[in-house]
Amino acid sequence: MSTQTSAMAANHIPTENVDTAQPLLQIRDLKKRFSLSGDFLDQLRFKGGKLIRHQEHVHAINGVNLEINRGEALCVVGESGCGKSTVARTVMGLLSPSEGEIHYDGQRIDHLSSRQLLPYRKRMQMIFQNPYASLNPRMTIQQTLEEPLRLHHPNWNRQQIADKVKDVMGSVGIDPDWGKRFGHEFSGGQRQRIAIARALAVDPEFIVADEPISALDVSIQAQVLNLLMEAQNARNLTYLFITHDLAVVEHFGTRVAVMYLGTVCEIATTATLFAKPRHPYTQALLSSIPRLEDDRPQHIRLKGEVPTPVNLPSGCVFHGRCPYANARCIQEIPQLQMQDDGTRVACHAVEEGRL
Amino acid sequence: MALLEVSQLDVRFALRQGEVKAIRDVSFTLERGERLGIVGESGAGKSVAAFSLLNLIAKPGFIAGGSITFEGQTLNTMSERGLRKIRGNRISMIFQDPMMTLNPVLSIGEQMVECLKAHRRISSKEARTIALDKLRQVQIPSPEKRLDQYPHELSGGMRQRIIIAIALLLDPDIIIADEPTTALDVTIQAEIMALLLDLCEQHNVGLILITHDLGVVSQVTQRMLVMYAGRVIEQGPTREIINDPQHPYTQGLINALPQMATPGEKLNQIRGSMPSLSNLPSGCAFHPRCDFIKRADGQTRPACIEQVPGFVQAGNCQVACHMVAELMEDRRLKEESQ
Amino acid sequence: MTMTTKPTKAPSRFQRFSDSFLWYSFKRDRTAQLCLAVFICLVVAAFAAPLIAPTDPYDLRQIDILASELPPFWIDGTDERYILGTDAQGRDLWSIVLYGTRVSLLIGFGAVILQALLGVTFGLMAGYLGGRVDAFFMRLADIQLSFSTLMVAIVVGAVVKATMGSSFYSQYAVLMLVLIIGLAEWPQYARTVRASVLAEKNKEYVDAARVMGLRSKRIMFRHVLPNTLSPIFVISTVQIANAIISEAALSFLGLGMPETHPSLGSLIKAGFDYIQSGSWWITLIPGAVLVVLVLSINLLGDWLRDVMNPRLYKG
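Protein chains in written order, with the working numbering: chain Y, 9 to 363; chain X, 338 to 675; chain H, 37 to 351.
Please keep in mind that the hints were generated in silico from the structure rather than gathered at the bench.
For clarity, every value in this text was computed on a predicted model and none was experimentally measured.
Where a beta carbon is used, it is the ideal one built from N, C-alpha and C, also for glycine.
Keep in mind that a hint or two might mislead.
Sample of chain Y residues with no beta-carbon within 10 Å of chain X, all distances over it, derived [to be verified]:
no., residue
1, Ser104
2, Ile169
3, Asp175
4, Asp211
5, Glu238
6, Arg299
7, His307
8, Gln345
In silico DSSO-like cross-links for lysine-lysine, where the CA-CA straight-line distance does not exceed 30 Å [stated by the list, open to error]:
no., chain 1, residue 1, chain 2, residue 2
9, Y, Lys130, Y, Lys174
10, H, Lys253, Y, Lys130
11, Y, Lys174, H, Lys253
12, X, Lys631, X, Lys671
13, H, Lys63, X, Lys396
14, Y, Lys130, H, Lys239
15, H, Lys253, Y, Lys188
16, Y, Lys311, X, Lys482
17, X, Lys358, X, Lys396
18, Y, Lys188, H, Lys239
19, X, Lys482, X, Lys454
20, Y, Lys130, X, Lys603
21, Y, Lys39, Y, Lys311
22, X, Lys631, X, Lys358
23, Y, Lys55, X, Lys482
24, X, Lys396, X, Lys422
25, X, Lys358, X, Lys462
26, Y, Lys130, Y, Lys188
27, H, Lys63, Y, Lys188
28, Y, Lys174, X, Lys603
29, X, Lys482, X, Lys462
30, X, Lys358, H, Lys253
31, X, Lys454, X, Lys422
32, Y, Lys311, Y, Lys284
33, H, Lys239, H, Lys253
34, X, Lys462, X, Lys422
35, H, Lys239, Y, Lys174
36, Y, Lys284, X, Lys603
37, X, Lys631, X, Lys603
38, H, Lys239, Y, Lys39
All chains, full assembly: derive it from the sequences and hints.
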């Protein structure tokens, strides 16, 4: 297994003329709204004797700026509804952004047609959350893994494709003899390995992983996480890793972006974030991880619950639950600001030195 | 005598492939006001264990053996009528999905009043007062308003608070909570868990917490059971098991947590996955994944493959493992010779 | 990392089928077994009609007009040559019922294949592409459904008869009926397929296929369609029964198969005139065959729906 992995690494040709200074992926002022109002006829409302058009939107992402450098694992953490998965899906072109730009390796990709995107599909791949849904139930493992190879290497012959499938199955720890079986004959962990193999089959340099381990059992989570880290080392992968599990972030991430209600409230290197969380939300989030050492939960209690992203709060989106909020927080949207240790925080209290 | 005593519980499912033993030989006790955690991965049988306590196992499942004794009454042989008096009243349940308990077409108030009136002879007005009081206890903002709201109008965290309020409605002796916070976000999860813990302590209610999250168990419970492939493999005081697990599976489970490894290093994984209940390995069900089936001299311990391990006492814990049994035996022999 | 499970040989297709829930529940369901047996017998008998029928009812030379309205064998006054008796034109009822069943089945299957082709394609496109395509096809389906099959058939039949002449119509009657019934009922398929496509398309394997860079056409037909087959199978059984009934109804009204090439429906119609004169068998025997045929298909469909109900059984 280890010899196979190193052989794979040798085969993996890095992109020529790598500009190391330039981030691999740049997300600029990304916004995504989903309409809740249905089609034009549904939007018409009768109000005050007049017919008016009434539209409601879910503001899933509101101006996100992120950079992902080559070879790093950027973790995006947040609670459900914070827009972290929407960021992942927009980056992969599964959703088109309402506003903003996505640049991959210096090229803008968010407005490309699916045909123009094809060369990028080979370079960026995705791993999904639910291994029970991400494999086509009517296809064998062999078929599932051959499909991307056939598409991206149309000039390969049958033997080359079969060899590559065998290779990639070996590298994720699935016996190549299992190829004729269907997804449902495997356990959750094995299915996730197959899903990872599918993503790795085209030798990508960048992988978006959307909660890849949260549907798995504890003992399997460690296996899959190890596999992802092995693949990163062997293939020099860059990850955008979406998760809600801070313990995983601490272990896996190079840098962390904490999201709340569609905005990034703090970006820092993992060590800094866990040693010295700045944003009040990050502090609360870190304090609520159940740790083995504690006898009793000692967490920071936040007021209320996450507001709906339909009617966003004014000013700082966190002000309704923040213990440090003042009048400015209610009016003015905080911007990410660089701190001395390189952390960027979007918080008026931090900026003013109140916190 | 303990408040709840489960002994050698055996639950099976009659499936078309034949009978599947969902849990075997599960025994534990719960004292008044005690908090017990049942930990295991999916398929370990922890939820089946919880459901069978109140005889809530749905067909094709059935209790094939053992007994469940609550205050001297045997629950597994009791009539449905008798059980109804205990369910919700003396022992209540909290499920992972609040919508399993809440009826979407009735308001919160109606559901709470209905539940109270089913078990007690009181007027609707009195019932409403009690309901309001319980909602205050679970720290729901503006409880009067909530009584007239419907489940879908509330957020996930709020619904789970309502569920806890309903579970506490009849001042039960035991609450069985099946993954009560798994569907919730981390910050909400922490609050709900803290609330549940506070309320159980205040009212001296026993808690059986079923979860896969070792962190939650270590924070909330006093004693814990670790289940694997339908059997209890280790039980004892939570602190002792967390700090010094004896069974190789428990060790593996704890060591696999990311917080136990240096960031960036390889995690200590357990190889393989849990066997399916219809196709269990011989002997100790964990042996194909176990690193300790070999003795120090490199020889495989035959008992691991041939024999289902019984419990041995290790400190205050009971462990079902041949390796631990051998260790304890060696230690005893050494002590005797000295 | 080590391999923890030893690979065994992947089961063959036959093994997969014999292990499947479909086969398991079929083995235990007496009704389904009986219905399938009856259905297969009818189909085999109908399509082997030229081989097993004692006379060829389409051949006028074999018809003996003097032997008309003879009763079946269990009634006195029969002729040994005709076990089920004869009809008003002196055709052997046993032979003509066999040939008639063949015509009915042919129209039923043909119409359903046409419905399925149209409905599955439109439903797949509407569900997967969404937006305007969806709106267009579904409104078209709504409009189509607001005319009943019979009405469409009557209008089309009348127009064709008026323009091309009734001899043209009777020459191509099978084709006409397949077209009419097929075109009239495709929305049933389209709606069912669209509903299950909408459920499937949000699953992650479809996203995975999109991320891979596959074209919509391939995703629709290679990934989504195979996962919507269960409801298509279920609805097909119902639709075959419906198509046979529709054809019988049209023929009964005189808009279907001509009496020279009768289907079960036109046989019932032809015999209906003689029911008053005591020759009840001419209409009742084809009627009974129609009932048994449709009933066995419907019961099979019921069983299939129970087995394939994704809420009861996954896979």
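Hint check results:
no. : hint                : result
1   : Ser104              : holds (28 Å)
2   : Ile169              : holds (29 Å)
3   : Asp175              : holds (22 Å)
4   : Asp211              : holds (23 Å)
5   : Glu238              : violated (8 Å)
6   : Arg299              : violated (6 Å)
7   : His307              : violated (4 Å)
8   : Gln345              : holds (24 Å)
9   : Y:Lys130 - Y:Lys174 : holds (19 Å)
10  : H:Lys253 - Y:Lys130 : holds (20 Å)
11  : Y:Lys174 - H:Lys253 : holds (28 Å)
12  : X:Lys631 - X:Lys671 : holds (21 Å)
13  : H:Lys63 - X:Lys396  : holds (22 Å)
14  : Y:Lys130 - H:Lys239 : holds (22 Å)
15  : H:Lys253 - Y:Lys188 : holds (25 Å)
16  : Y:Lys311 - X:Lys482 : holds (18 Å)
17  : X:Lys358 - X:Lys396 : holds (14 Å)
18  : Y:Lys188 - H:Lys239 : holds (23 Å)
19  : X:Lys482 - X:Lys454 : holds (21 Å)
20  : Y:Lys130 - X:Lys603 : holds (28 Å)
21  : Y:Lys39 - Y:Lys311  : holds (27 Å)
22  : X:Lys631 - X:Lys358 : holds (28 Å)
23  : Y:Lys55 - X:Lys482  : holds (28 Å)
24  : X:Lys396 - X:Lys422 : holds (22 Å)
25  : X:Lys358 - X:Lys462 : violated (48 Å)
26  : Y:Lys130 - Y:Lys188 : holds (25 Å)
27  : H:Lys63 - Y:Lys188  : holds (27 Å)
28  : Y:Lys174 - X:Lys603 : holds (25 Å)
29  : X:Lys482 - X:Lys462 : holds (16 Å)
30  : X:Lys358 - H:Lys253 : violated (47 Å)
31  : X:Lys454 - X:Lys422 : holds (12 Å)
32  : Y:Lys311 - Y:Lys284 : holds (22 Å)
33  : H:Lys239 - H:Lys253 : holds (17 Å)
34  : X:Lys462 - X:Lys422 : holds (22 Å)
35  : H:Lys239 - Y:Lys174 : holds (27 Å)
36  : Y:Lys284 - X:Lys603 : holds (25 Å)
37  : X:Lys631 - X:Lys603 : holds (24 Å)
38  : H:Lys239 - Y:Lys39  : holds (24 Å)
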